[in-house]
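S.K.: So you can see what is in the structure, the chains are spelled out below.
2 protein chains.
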Amino acid sequence: MALASDARSVGLVTPQTAHFDEPLTLACGRVLPTYELIYETYGKLNAAKDNAILVCHALSGHHHAAGRHSVDDRKAGWWDECIGPGKPIDTERFFVVSLNNLGGCHGSTGPASTNPATGQPWGPEFPPLRVRDWVHSQARLADALGIDCWAAVIGGSLGGMQAMRWALLYPRRLRHCIVIAAAMKLSAQNLAFNEVARQAIQSDPDFEDGHYLHAGKVPARGLALARMVGHITYLSDDAMASKFGRELRSGSLDIGGDEPVEFQVQSYLRYQGSRFSDSFDANTYILMTQALDYFDLAREYGDDPVAAFEAACCRFLVLSFSTDWRFPPARSREIVDALIAARREVSYAEIEANEGHDAFLMPIPRYLALFRAYLQQVAVS
Amino acid sequence: MALASDARSVGLVTPQTAHFDEPLTLACGRVLPTYELIYETYGKLNAAKDNAILVCHALSGHHHAAGRHSVDDRKAGWWDECIGPGKPIDTERFFVVSLNNLGGCHGSTGPASTNPATGQPWGPEFPPLRVRDWVHSQARLADALGIDCWAAVIGGSLGGMQAMRWALLYPRRLRHCIVIAAAMKLSAQNLAFNEVARQAIQSDPDFEDGHYLHAGKVPARGLALARMVGHITYLSDDAMASKFGRELRSGSLDIGGDEPVEFQVQSYLRYQGSRFSDSFDANTYILMTQALDYFDLAREYGDDPVAAFEAACCRFLVLSFSTDWRFPPARSREIVDALIAARREVSYAEIEANEGHDAFLMPIPRYLALFRAYLQQVAVS
Numbered sequence: 001m002a003l004a005s006d007a008r009s010v011g012l013v014t015p016q017t018a019h020f021d022e023p024l025t026l027a028c029g030r031v032l033p034t035y036e037l038i039y040e041t042y043g044k045l046n047a048a049k050d051n052a053i054l055v056c057h058a059l060s061g062h063h064h065a066a067g068r069h070s071v072d073d074r075k076a077g078w079w080d081e082c083i084g085p086g087k088p089i090d091t092e093r094f095f096v097v098s099l100n101n102l103g104g105c106h107g108s109t110g111p112a113s114t115n116p117a118t119g120q121p122w123g124p125e126f127p128p129l130r131v132r133d134w135v136h137s138q139a140r141l142a143d144a145l146g147i148d149c150w151a152a153v154i155g156g157s158l159g160g161m162q163a164m165r166w167a168l169l170y171p172r173r174l175r176h177c178i179v180i181a182a183a184m185k186l187s188a189q190n191l192a193f194n195e196v197a198r199q200a201i202q203s204d205p206d207f208e209d210g211h212y213l214h215a216g217k218v219p220a221r222g223l224a225l226a227r228m229v230g231h232i233t234y235l236s237d238d239a240m241a242s243k244f245g246r247e248l249r250s251g252s253l254d255i256g257g258d259e260p261v262e263f264q265v266q267s268y269l270r271y272q273g274s275r276f277s278d279s280f281d282a283n284t285y286i287l288m289t290q291a292l293d294y295f296d297l298a299r300e301y302g303d304d305p306v307a308a309f310e311a312a313c314c315r316f317l318v319l320s321f322s323t324d325w326r327f328p329p330a331r332s333r334e335i336v337d338a339l340i341a342a343r344r345e346v347s348y349a350e351i352e353a354n355e356g357h358d359a360f361l362m363p364i365p366r367y368l369a370l371f372r373a374y375l376q377q378v379a380v381s
Numbered sequence: 001m002a003l004a005s006d007a008r009s010v011g012l013v014t015p016q017t018a019h020f021d022e023p024l025t026l027a028c029g030r031v032l033p034t035y036e037l038i039y040e041t042y043g044k045l046n047a048a049k050d051n052a053i054l055v056c057h058a059l060s061g062h063h064h065a066a067g068r069h070s071v072d073d074r075k076a077g078w079w080d081e082c083i084g085p086g087k088p089i090d091t092e093r094f095f096v097v098s099l100n101n102l103g104g105c106h107g108s109t110g111p112a113s114t115n116p117a118t119g120q121p122w123g124p125e126f127p128p129l130r131v132r133d134w135v136h137s138q139a140r141l142a143d144a145l146g147i148d149c150w151a152a153v154i155g156g157s158l159g160g161m162q163a164m165r166w167a168l169l170y171p172r173r174l175r176h177c178i179v180i181a182a183a184m185k186l187s188a189q190n191l192a193f194n195e196v197a198r199q200a201i202q203s204d205p206d207f208e209d210g211h212y213l214h215a216g217k218v219p220a221r222g223l224a225l226a227r228m229v230g231h232i233t234y235l236s237d238d239a240m241a242s243k244f245g246r247e248l249r250s251g252s253l254d255i256g257g258d259e260p261v262e263f264q265v266q267s268y269l270r271y272q273g274s275r276f277s278d279s280f281d282a283n284t285y286i287l288m289t290q291a292l293d294y295f296d297l298a299r300e301y302g303d304d305p306v307a308a309f310e311a312a313c314c315r316f317l318v319l320s321f322s323t324d325w326r327f328p329p330a331r332s333r334e335i336v337d338a339l340i341a342a343r344r345e346v347s348y349a350e351i352e353a354n355e356g357h358d359a360f361l362m363p364i365p366r367y368l369a370l371f372r373a374y375l376q377q378v379a380v381s
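Keeping their order, the protein sequence lines are chains P and S.
Residues 1 to 381 (the UniProt record's numbering) are what the first sequence spells out, left to right.
Residues 1 to 381 (the UniProt record's numbering) are what the second sequence spells out, left to right.
Hints are supplied without guarantee of correctness; some may be wrong.
So, partial list: chain P residues that the calculated Cβ filter (under 10 Å) puts toward chain S [stated by the list, open to error]:
no. : residue
1   : S187
2   : N190
3   : F193
4   : N194
5   : R198
6   : Q199
7   : A200
8   : R221
9   : G222
10  : V229
11  : H231
12  : I232
13  : A239
14  : F244
15  : R246
16  : P328
Please keep in mind that the hints were generated in silico from the structure rather than gathered at the bench.
Nothing here was measured: the structure is a model prediction, and the numbers come from that model.
Glycine included, C-beta positions come from ideal geometry on N, C-alpha and C.
Next up, chain P with everything else stripped away, as it sits in the complex (with noise of 0.2 Å):
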């Protein structure tokens, strides 16, 4: 149901929610009696159901990855760019399934989502998730809609990290794994930036130990902060000089003065992190890095990548941009070489992008290109 004014886009889409009533025991030791995720679809499945892709969000994401949910939408979907008929992940093609993960703060059972037992809040109660508690959900999520094996398994980010696990952990589930500007792990800096965050989310009065549904408050001013750090590291120097260089919002730069004058950047971080605090919950902010920094993904095989890989029996693609430095294309080369001496089907290409981090979400051509080029070669009934 594409819209009339953009055959290349899904069109209207509508959210779905799936209730899961059989308790999931999650890496921490805790069980979650039950849950419900929210996801959207497009395309169609097929017969064989064979053409089915998974695209896993990354850290602030959610399920809305494509279309408008409704005329009126003035944004489309987070991924519209790249999701689509026409686009690398083609819906005429293939049946793509984006979900809101656990412990998210969009439909998906999270921190914010009552708890049964107390018919209050989770907040900071809400168990603390893995990467591999997502990948079991996001498994039963295909057992409900009837798919056995993704012809892909896709990710950017931390989105990468769950394909990654996905193709150790249902190695017979997935035919491809695509890798996008992701690791294998964090780096000290990473893990820097992420403590920053949570640091300014908790040190906010109006976090309340997490209890901030209860108390009616929300920490606005942590949540912003933990946002405009993130967003720094989303972006490259270079695309920041593009985008903003020394360019004023307002006053004059001259010598005297008394009134501080603002920097373009500075007004578009303070609009980012004000928007953010706006939209998302801080427990799950917090849920959600924590995963991240306790993502190791060769830790249970002896700290060896080649050995971790060797669990998984799909083909990769892996894909890096230039100038992301929060996941620099080092990171992407050691998956890439871990896949071959653990002699596993590997494409790589590192893109030049100004655009950091974020190349991920940006139509860059030679990145769709290639990204179209590998799914064209995915063969479906």
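Using the hints, position chain S against chain P.
M.R.: Quick look at chain S alone, frame taken from chain P:
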């Protein structure tokens, strides 16, 4: 008066305070009627008074650059690696002056000082400062010490910006200008990090719009966050990796376990943040980051760095460090290119160093050797 235990130390030092009664007109147009500058000196001023070196400090620095204040002092001054007998800034040849800048919080007049007009702390009413204000106040200090012309003005980071401004504002009052790990202006990414730091401070409820001293409070959480953000940018990704990796301070990264584990880098950052918030004034931090933001060496020279440096007549040494991503080598090369185009004498070296921006404080052999060799050929009577 070297300590017996370290013949290469300047030994015990005692800060001195210079009081200035002649009003200082600031770049913002406001006038500071009186002010004090706290400073230390190392070595002896010779009879010709041509062996004096001015050391300019960086964002969170102060006057205590070398030696110890008492025999019990556990830490020496912040640039003790570079200042002392036989060290690059050799106190057997040079008379070194190191001050706390105006607006600082270590003894010079600043926002935490008493405003004579009100009898209360200046707080946020302290006038905003520009790098040129520091240079003018440092020139007054030179007058008070009887120094007509510095053998060299030296600084790293924000200190390097002061050294460059000296060369343009007082071309006849310095013979050498040493600019280490600096830039002619901040990039958008630099501005962004400073904005996050200020937002962290200003959104702390204990900031009280800058009147925290009057309210008997300290915006400790905000200051700690600001320092954490800054600290990440001072270290390279590599330096963090080799210093911390993903080492745990406590707990275990086992899949199970409900308690959050703590990485070394997290506790390190928290420690740095909390130590800083115990010792630094929030209004000073805001003032200094704004001076950094607004610094733009060539702005009043038609945005032409070549025209700017044509105002200088001293010789220059420019040094940068390979993994410095706050002020990367490319920023130093812009300085060098402009100096060459302006037909000024300049030596440049890019030092291979793993330590990021902090490298300028570290005893890196090639750095110390070059720094020493350059200063050895600076003539003194």
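S.K.: Please go over all the hints and tell whether each is borne out by the structure.
M.R.: So, going through the hints one by one against the coordinates:
Annotation: interface hint on S187(P) holds; nearest CB of chain S at approximately 6 Å, less than 10 Å. The interface hint given for N190(P) holds, since its Cβ lies 9 Å from the closest Cβ of chain S, which is under the 10 Å cut-off. Here the hint on F193(P) is kept, as its CB sits about 6 Å from the closest CB of chain S, short of 10 Å. Taking 10 Å as the C-beta contact cut-off toward chain S, the hint placing N194(P) at the interface holds, the least distance being around 9 Å.
The interface hint given for R198(P) holds, since its Cβ lies 9 Å from the closest Cβ of chain S, which is under the 10 Å cut-off. With 10 Å as the threshold, the beta carbon of Q199(P) comes within range of chain S, its nearest partner Cβ sitting at about 6 Å, so the hint holds. Annotation: A200(P) was flagged as interfacial toward chain S, and the flag holds, the nearest CB pair being 6 Å apart, inside 10 Å. Proximity of R221(P) to chain S holds as hinted, the smallest CB-CB distance being about 4 Å (cut-off 10 Å).
A cut of 10 Å between beta carbons decides the hint on G222(P): the least distance to chain S is about 8 Å, and the hint holds. At about 6 Å, the closest approach between the beta carbon of V229(P) and any beta carbon in chain S falls short of 10 Å, and the interface hint on this residue holds. Hint status for H231(P): holds, given a least beta-carbon distance of 8 Å to chain S, under 10 Å. Given hint, I232(P) at the interface with chain S, holds; its Cβ is 5 Å from that chain's nearest Cβ, closer than 10 Å.
Look at A239(P): its Cβ gets to within about 9 Å of chain S, closer than 10 Å, so that hint holds up. Below 10 Å, beta-carbon pairs count as interface contacts, and F244(P) has one with chain S at about 4 Å; its hint therefore holds. Here the hint on R246(P) is kept, as its CB sits about 7 Å from the closest CB of chain S, short of 10 Å. Evaluation of the P328(P) hint against chain S yields a held restraint, the C-beta minimum of about 8 Å falling below 10 Å.
Checked against the numbered hints above, the structure violates none of them.
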